[in-house]
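Heads up: the sequence lines are chains A and B, in that order. Each step along the first sequence adds one to the number in numbering that gives the first Met the number 0, with nothing skipped, and position 80 is 79. Each step along the second sequence adds one to the number in numbering that gives the first Met the number 0, with nothing skipped, and position 90 is 89.
Since the hints were derived computationally from the structure, they do not count as laboratory data. All of these numbers come straight from a predicted model, not from anything done at the bench. Built from N, CA and C at the ideal position, the CB exists for glycine as well. None of the hints are false.
Stretch-level coverage of chain A by chain B, calculated; a stretch enters the list once three of its residues show a Cβ under 8 Å from a Cβ in chain B:
(1) 98-109
(2) 113-124
(3) 243-256
(4) 265-271
Chain by chain, the residues:
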Amino acid sequence: MKGSTKKKIEGYLFIFPWIIGLSVFVIYPAGYGLVLGFFKFDIFNPPKWVGLRHFMELFTEDPNFLKSLSVTLRYIIFSVGLRVGAAFFLALLLNQRVKALGLWRTLFYTPSIVAGYALALLWNRMMDPQYGLVNVVLRFFGGPTPNWFGSEPLAFATITVMSVWSVGPLVVIFLAGLQGIPQELYEQAEIDGAKMRHRLIAVTIPMISPVLLFNLVIGCIHATQLFVEPLVMTNGGPNNATLTLLLYLYRNAFSYLKMGYAAAIAMIMFLLTLGMTLFLFRWSRRWVYYAGSG
Amino acid sequence: MVRGRPVGLRVRSAVWRVVVYLLLLVLVTVALLPLLWMVSTSLKPGFLEAYSLSLLPSKVTWSNYPDTWNRVPFPGPMANTIFITALALFGSLVSASITGYAFARLRFPGREVWFAILIMTMLIPPAIMIIPQYLLFNWLRWIDSYKPLIVPWFFGGGAFRIFLFRQFIKSIPEELDQAAEIDGCSTFRIFAQIIVPLMMPAVATVAVLGFMDFWNDFFAPFIYLNNVDKDTIVLRLFRIWSDAEGYMREELHTVMAGNVLVTLPAFIIFFIAQKRFIQGIVTTGIKG
Numbered sequence: 000m001k002g003s004t005k006k007k008i009e010g011y012l013f014i015f016p017w018i019i020g021l022s023v024f025v026i027y028p029a030g031y032g033l034v035l036g037f038f039k040f041d042i043f044n045p046p047k048w049v050g051l052r053h054f055m056e057l058f059t060e061d062p063n064f065l066k067s068l069s070v071t072l073r074y075i076i077f078s079v080g081l082r083v084g085a086a087f088f089l090a091l092l093l094n095q096r097v098k099a100l101g102l103w104r105t106l107f108y109t110p111s112i113v114a115g116y117a118l119a120l121l122w123n124r125m126m127d128p129q130y131g132l133v134n135v136v137l138r139f140f141g142g143p144t145p146n147w148f149g150s151e152p153l154a155f156a157t158i159t160v161m162s163v164w165s166v167g168p169l170v171v172i173f174l175a176g177l178q179g180i181p182q183e184l185y186e187q188a189e190i191d192g193a194k195m196r197h198r199l200i201a202v203t204i205p206m207i208s209p210v211l212l213f214n215l216v217i218g219c220i221h222a223t224q225l226f227v228e229p230l231v232m233t234n235g236g237p238n239n240a241t242l243t244l245l246l247y248l249y250r251n252a253f254s255y256l257k258m259g260y261a262a263a264i265a266m267i268m269f270l271l272t273l274g275m276t277l278f279l280f281r282w283s284r285r286w287v288y289y290a291g292s293g
Numbered sequence: 000m001v002r003g004r005p006v007g008l009r010v011r012s013a014v015w016r017v018v019v020y021l022l023l024l025v026l027v028t029v030a031l032l033p034l035l036w037m038v039s040t041s042l043k044p045g046f047l048e049a050y051s052l053s054l055l056p057s058k059v060t061w062s063n064y065p066d067t068w069n070r071v072p073f074p075g076p077m078a079n080t081i082f083i084t085a086l087a088l089f090g091s092l093v094s095a096s097i098t099g100y101a102f103a104r105l106r107f108p109g110r111e112v113w114f115a116i117l118i119m120t121m122l123i124p125p126a127i128m129i130i131p132q133y134l135l136f137n138w139l140r141w142i143d144s145y146k147p148l149i150v151p152w153f154f155g156g157g158a159f160r161i162f163l164f165r166q167f168i169k170s171i172p173e174e175l176d177q178a179a180e181i182d183g184c185s186t187f188r189i190f191a192q193i194i195v196p197l198m199m200p201a202v203a204t205v206a207v208l209g210f211m212d213f214w215n216d217f218f219a220p221f222i223y224l225n226n227v228d229k230d231t232i233v234l235r236l237f238r239i240w241s242d243a244e245g246y247m248r249e250e251l252h253t254v255m256a257g258n259v260l261v262t263l264p265a266f267i268i269f270f271i272a273q274k275r276f277i278q279g280i281v282t283t284g285i286k287g
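With the hints as constraints, model all of the structure from the sequences given.
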C-alpha cells in the first residue's frame, strides 16, 4: 500500500536526527573509547599501538591508579549504602500517612537542588576548621574540631557522608513505589496478625524490591563518576585519599595529555560499571519480587 | 473500625505518630541546615561572625550580594550560561519530543530494535566517551566554543528525555490523531497541532529537569572552554574560588552570596514547578 510505505519512511524521517546524534556523539565515541586504551596517544602525534602495556602499567607500576580504584570502590560501597538506606528510611517515614506530605517531600528534596560545583563549594566552606558550620557546632558542644581535609579518613568520610544530603530523587522514587503497594496486602497481613516489623519484611520489602534494585544500579553508576566534589573540596588529597577514577582520568588526559593511558582508565571504569550492573541484576534474582510474574 | 480495636493499639499508634513527626522534624532540620547556613553566612557583615553559632546575622548585610555580583563579575558569565542553557534546552526539547513521538506513534520497520538501542544507550557509562568526544570536538575545531555544549542536543536531545516524551505521548488517546489522519492531516501536522498542545505537561517536566542539568553542568564547560570570556557562571566561580587559587577565608560571606546567586534560578524553578519536577523523576525512575 502506498500510504503504508510513506508511513515507514516517515518514521525514519522523524528519528533521523537522533540516529545521526547516536552515531556521531554516542556509538562512535563509545567504540573509539573501547580501543583507544591500547594506543599511546598525546593528540599531537599519531596513535601508536602498545597492546596491553597501559593495563599492565596501571595495575603493576601505578600506585596512584590503584589508590584511585580503591577510593572509588570504597566510595561506591559506602555512599550507595548510606544513600539508599537513608532514602528508604525517609520514604518509609513519609509513607506513614503524615499530614502535609507534599510539604515534607519538598523540604527533603530542597538540599538536592544545590548541585555540582555549588554543592562542593558549600561543603568545602562548611567543613572549614575555624568558621565552618560543622566545627562551629562541635566547638559549641565542647567537641573536637578537626581539620576535616587534613587526614585521609576524615577527608574520605566527609565526601562520602555529604552525598547523603542529595538523596532527594531517591526518596521521591522510593515514596512513589511505596504508595503503589496495594493497601489490601497490609490489611490482609494485619488480619493475619503480622506485627509492623513483619509487615515490613513480608509486604513492603518484597513489593519495593524492583525499585530498590533500580536505585542501587543507578546509584552505583552515578557513584562511579564522582568528580566535582573531590576536585573542588580536596583536589584529590590529602595523599590521594579522595582521588577518584574520573579525577585521575581527567589528570592523565588533560593535564599530562596521556590520552591513551586515560582511555585505559576509562575502560576499567566501563568494565567496573558493567560488572557491578551484571552482579546487581544476577544477585537481585534472589531477592527481587516482580508482582504479577510470580 | 477504630472502635473495635483494643485500647492498647490506639495508644501505641498515637505514640507512634508523635515519634514519626519528631523524627521528621529532626531530620528535616539536619537536611536543611547546610542551606540555612549558606543563606545566613551570605548575609553576615563579615566572615568573623561565622565563628558564632547564631544563624541570625548581627546586621543583615544585603550589600554582600552586589559586592559579589561586581567582584566575580556575574553579568558576562551569567549571559553565557543563559545563552547555552536556552539553546541546549530548546534543542533537546524539540529533538527529544519529535523522536519520542516517532517511538510512541509511528509504525516503521525496526522500531523495537531502535528503541532497545535507545534504552541501552542510557546504560553506557559516560566515562568511556569523554576522551573520544573531546578528540572529536577537537578535530572539528569546536574546542573553546559553545558548540560541544549545544549542538549535540539538537540530535536526539538525550535518551532519558526521549523516553519521557514517548511514555507521555503513549498515554494520549490515539483516537485524536486517527481522526485527524482520516481528515487527511500529514503526520507532521498531527504532531505539531494535536500532540504538541497535549504534551505540554511533559514539555514542562523535561524543561524543568533539563534546566537544572544544563545550568549546573560543570564537567563539559570545564573541559571544553578555555577562554575566560566564555566562562559559564559555575566555571567562573570555580576559577576564582577553587583551592588552587588560594583559599580565601576572609571572603566566606561573599563566597556564600555567590553560591546563593548561582543556585537561585534553580530554586525558583523548583518551587514554581515542583509538581512537574517530582513527576519527571518518578516517570524516568519507576517506569525506566
